[in-house]
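Two chains, two frames, a set of hints: combine them into the complex.
As given, the protein sequences belong to chains A and B, one line each in that order. Take 1 as the starting number for the first sequence in my numbering and just add one per residue. Take 1 as the starting number for the second sequence in my numbering and just add one per residue.
Simulated from the structure, these hints should not be mistaken for lab results. Careful: at least some of the hints might be erroneous.
Here are the simulated lysine to any residue pairs, SDA-like style, with alpha carbons at most 25 Å apart [unchecked claim]:
1) B/24 x B/3
2) A/69 x B/100
3) A/26 x B/46
4) A/56 x B/39
5) A/70 x B/44
6) A/26 x B/68
7) A/69 x A/9
8) A/70 x B/24
9) A/26 x B/56
10) B/24 x A/45
11) B/68 x B/57
12) B/24 x B/59
13) A/56 x B/96
14) A/69 x A/48
15) B/24 x A/38
16) B/24 x A/37
17) A/56 x A/28
18) B/24 x B/62
19) A/70 x B/58
20) A/26 x A/100
21) A/26 x A/54
22) B/24 x A/95
23) B/24 x A/46
24) A/56 x B/101
25) B/68 x A/95
26) A/26 x B/24
27) A/70 x B/41
28) B/24 x A/40
29) A/56 x A/66
30) B/78 x B/57
31) A/70 x A/100
32) A/26 x A/11
33) A/69 x A/103
34) B/78 x B/113
35) A/70 x A/40
36) A/26 x B/39
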Amino acid sequence: SQQGEEDPQALSIQEGENATMNCSYKTSINNLQWYRQNSGRGLVHLILIRSNEREKHSGRLRVTLDTSKKSSSLLITASRAADTASYFCANYGQNFVFGPGTRLSVLP
Amino acid sequence: DAGVIQSPRHEVTEMGQEVTLRCKPISGHDYLFWYRQTMMRGLELLIYFNNNVPIDDSGMPEDRFSAKMPNASFSTLKIQPSEPRDSAVYFCASSPGHSYEQYFGPGTRLTVT
Chain A
1 SQQGEEDPQA
11 LSIQEGENAT
21 MNCSYKTSIN
31 NLQWYRQNSG
41 RGLVHLILIR
51 SNEREKHSGR
61 LRVTLDTSKK
71 SSSLLITASR
81 AADTASYFCA
91 NYGQNFVFGP
101 GTRLSVLP
Chain B
1 DAGVIQSPRH
11 EVTEMGQEVT
21 LRCKPISGHD
31 YLFWYRQTMM
41 RGLELLIYFN
51 NNVPIDDSGM
61 PEDRFSAKMP
71 NASFSTLKIQ
81 PSEPRDSAVY
91 FCASSPGHSY
101 EQYFGPGTRL
111 TVT
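Same shape as in the complex, but just chain B (with noise of 0.2 Å):
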């Protein structure tokens, strides 16, 4: 398996734009989680989703924010508009299980300027 597939792995946009950001989970995975990670703040779970149903959003930080998981190997992360404090590096991970270990892909860099 590939594992955890992120893209872009660099996205670079002006305040004001709309940013989509994809992954695609491993094969099997019921698991979904969207993570953000600063200096100032560290690893944020943003939201996670178990068989595509989002389970937990409170840690999105505005209604900026939506993510979707439209089937099992695919979701996105919205950000509409995006403002200079969005930028961070943006994680997507999947699991097979609640309490498993969390797959990471390689994250997306983004820079709102």
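Chain A with its partners taken away, still in its complex shape (with noise of 0.2 Å):
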């Protein structure tokens, strides 16, 4: 299966907290990207980590790449309420396939 895996499904933390999010899937990984999902809304991009990257930041983001494991990882540093969202990763190197996502809750 492509079918990317993420981890955990869900996570609760407290505003301020460090959050992280694991990507895993069974075949390559080419260009693999993270978005967030706000409940009823559409996914927003939020960065791109390419297979001969090991890492990248934006912001409070760092995402972290290991293509021997096929796995990537999501920090969010600091969080705050307004990170309450679902959060996906996507492979582009086998036809876009979404992995089912993180529920993320930053509790006040």
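This is the structure:
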């Protein structure tokens, strides 16, 4: 199956804490992207990491990629209540396969 | 730019009826994608176009589903006849390139009774 897997499926933290979400695939990863989806909305692109990159930063976001383990992680530092959303990874190398997502709840 | 525009935002129809979902991509984007999102199956790619040409429709569930892109600024996803299991949120997205970020529309929530 090309379907990605994300863990945890749900994560609840306090405001100010860091949140880490993981994503893995059974097939090779090529150009992995992370998206956020607020309830009832479309997905919003967060960050792209290419297969020749190991780490990428964007503001409070840090993404790592391990192609040998076919996995990626998204770290959100100093979380805010506004970060409450579902987060998805997408493997563009396998025809845009999205993972099932991690539901993040940041409690004020 | 107004972003990706989808219509209608909500559609309620009876089983057996034809449903047409519409999408206007961001101007200048060469790629257009149709996705379906359900709680059970997550986000699934149905079909995508490059320069108005369908590239991969392997995600289209069955012959009841069809998609067209008659020009660079308009695409439709049609379900005929619709069934209750087609109930889902359907997203359209566009992108300036194959491995570039995708810009999603607000989605169409389809309910088939």
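Check each numbered hint from earlier against the structure, then list the numbers of those it violates in ascending order.
4, 6, 8, 26, 35
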